[in-house]
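Listed in order, the protein sequences are those of chains G and E. Residues in the first sequence are numbered from 1 upward in steps of one, following our numbering. Residues in the second sequence are numbered from 1001 upward in steps of one, following our numbering.
No false leads were slipped in.
Ranges of calculated distance between the beta carbons of each label pair, as one might list FRET restraints: (1) G:Gly235 with E:Leu1228: 55 to 65 Å; (2) E:Ser1217 with G:Ile127: 39 to 49 Å; (3) G:Gly224 with E:Ser1217: 52 to 62 Å; (4) E:Val1018 with G:Gly196: 17 to 27 Å; (5) G:Gly235 with E:Gly1231: 52 to 62 Å; (6) E:Val1018 with G:Gln46: 25 to 35 Å.
Worth flagging that the hints you see were computed from the coordinates, not collected in a lab. C-beta atoms are modelled at their ideal positions from N, C-alpha and C, and glycine is treated no differently.
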Amino acid sequence: MRAYRILLGAAVRAELQYRANFLINVIGGICYQGVGLAFIWAVLSQFGTIGGWSLREVAFLYAIRLTAHGLWIVPFGQLISVDEVVRQGEYDRYLVRPANPLVQLITRRIHLTASGDLLGGLLLLAIASTQAPVAWSPGAVAFLLLAVVGGAMVELSLQLAASAMTFRLLSTMSLKFGIDAVFNEVGSYPLKIFGGAARFGLTFVFPLAFVAYLPSTVLLDRTGELAVPAWLAWGSPVVGGVLLTGAYLFWSRQSRHYKSSGH
Amino acid sequence: MQFATVLTYRTDYLLTAVLLLVQVYLLRVVWTAVYADRGVADGITVHTMIAYATLATVQYTLFSPWRFSQIPERVREGKVAMDLLRPVGFCGQMLAAQVGGTAALAPFMVLALPFALLVGGATAPPSAGAAVAYAVSLLLAYAISQLLALLVGMVAFWTVENTGIFMIYRVAAQFLSGALVPLWFMPGPLRVLAQVLPFQATAYTPTATYLGEIHGSGLAVALGVQALWVGLLTALARLVWSRAVHRVVVQGG
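In isolation and in its complexed conformation, chain E is listed as follows (with noise of 0.2 Å):
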């Protein structure tokens, strides 16, 4: 359905792809003018910093996390309802609804990259194994913020109006998730906050990994903190889901 939904409005999704490489071509200029002549700092070259911005926005524009939840706007207009009297779990609907936004943008992603790539920059991953940690990361990494959109959209259940939390989550999740400045520039106490919240896991993680700059038993760690992260997050938001479910106040229809 939701795949459907995103395939219908095409010109969105050509937009989509085209802001995408704009983002992609400003960080780079951004980024291009705070190094100046500096060429390396903090032991960043200026080329892993382009090639970690580029990836870092091309994944997070694949896994929008905030624009494919439907809780909110089900809740508000009594759609719920319907849900509710299907025979698949509701979180299990909305997680594939999730999905199917996801899967409909992913194609397109894949034929944007190249251009990403010539706009931004990129290097290969240092070695074969970090290209399959990076797999593995990514793949964790999804989970996580897909888990994450889905426990925002069920604040909607108490809330009923929610449009300032999913602002507060997205804000959160793209600037504590490291996908605009990576966490080694980050200035101390911000790094520390980010480092024990679930964001990071969802787009440092994995770009640092594929740039080779997780690796050895940091790697391990990196990874098991987001298995942890996908552990915890599904234990919550079974636990939010079981109240909600008493909550449910159908509006209409």
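With the rest of the complex left out, here is chain G (with noise of 0.2 Å):
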């Protein structure tokens, strides 16, 4: 953790420098999560509803799955880099540092661009959190609070996996972008209006539906529509703990085959 801590200032302060491009970053990265909403501002000021949703609690599950996503791309946005790490070699030097090189990855460079999705996904939250129907008490503040987190955990285990594979492949950043894209574009729908073996896979294949899907059926009262028993929905929080405990030890027995590319 102290290591972290230094290494993260140090990456703080390196892309400081560029302190123009900081606010262009934070900009672009609040756009680049804002055209899935005007998407479906666009579509549903047409058509009204989907799948039953209306725009208010669409805007809902979307903003619990833009939390949950700034929230891990935040601490390990360099996650993306890692193929360019593996194949310069530069992994060579965590290795003989005395910290975690995951550690040492992930501080590498920090995008800062990330707090802009943080921020909006925050900010978008507070809002559709007093437009959607949802029966506020302590216990649904808790449960929402607590479904952001394990969803942030959700998604960084299918990242961190996929990372992972760098040691083999070399080449992850398609598979990694494809998991975002998945995440940015089906985590947006109520996958109610998905068929049914789309909708299996993406709850026990690819555990999408545990980022937002599920607690916000919880929290809208919508269990009901469930193809799976209310209480998976009610667990999602748990689900991410697993999954990233899962995730750390494949990440750490792929690392054993690192081959460096030599200096």
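Now that you have both chains on their own, put them together as the hints suggest.
Here you go:
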């Protein structure tokens, strides 16, 4: 943890060297995530509802997904450059330093763009929470917070597992973009609109449902539309912790396959 | 060079295609769901809409306007010094690299197309005229998207770091091009904005032409607008380059 703090401080200072770009980055991050919402807004202003969900409800689901996304990508965004680090042998350096290589990797640079995702997500969540038909109680708020953290862990675990494959494949950019794109696109819709097989796949194979859809059916009192038992929706925050543990173990095992490109 | 780079990492290549199919499938599901039992909305049938989404997504992946520009990386790492020493103009080199990237992707797209049509949906162009117009429009759209990528890449000469600009550009390009929502479904003010910007000429125009939604005199105007953008953006690229060359900061090396 101490190593993480020191390295993080250095990365933030490095990033602030390019101040204009920093500002544009944050705006860029918000725009990037906003496009999904703009799509939903444009479509729902034409069509009214999707799968029986109104714009306010979809926006609430969208806000949970976005906040969860921001929460993992701010600290772990550098996983995106793992290909480069491994291909160019930069990973050699991490192995000889007295800190966890993963910690060194994620603090190598910090893309502050991501803080825009988090800020945008929190802002949208605050607005959508007042607009959406949720019966707020201390329990509901606690569930929302746990669900967001759990959702962040679900997404992180998939990205970490994909990153781990770079030790063998050397190029996982498309895979990671792919995972991100699926989260970005499918993750923002009530999964009810997909057929049975896709719903099953998005719950048990690619566990996207646990990020936003299942928790929001709990809060919007829509668990009746689920094909899975309601307790699974209630348990979605736990799923993140389990998956992340698995993904870290996978990363540790795969990293033994590292072959330096030689220097 | 860029052709070879894209081909070197074959897994990436394959995944790009898989991702494309996933996207097409998603769009079909989403559009089917919002149409529900409606069948027709604003004179557009659900089949036309799915065909539009399929085609626009395939085109957009092929053009990949944000992935092929190497300018930011070359400026950041000082490699731009080598580029300037070569006997071919810098803009020419960068455009050639972008075209190389597309060329490497193209045969794969041709292979992926039948599958895309299978998971998505397609209709043949309503007339031979529409097919010819589509080919012309697509070519112009490609030119515009590559010129835009070049221009955005050149911003790196001023800011050195430009991930943020790329991000904004990518979003603007994707949304305002009509690659996600066709212009006919955009709410009023947004549609006006999309119409005055060059992005719609990179995706909406060719796709709508293919489907016969743009025809007759509207087609002549649309193609004219595309040609105008090619001219304007070429001039702009020249102007920006003439200034950028004085701003070159070579880092290291």
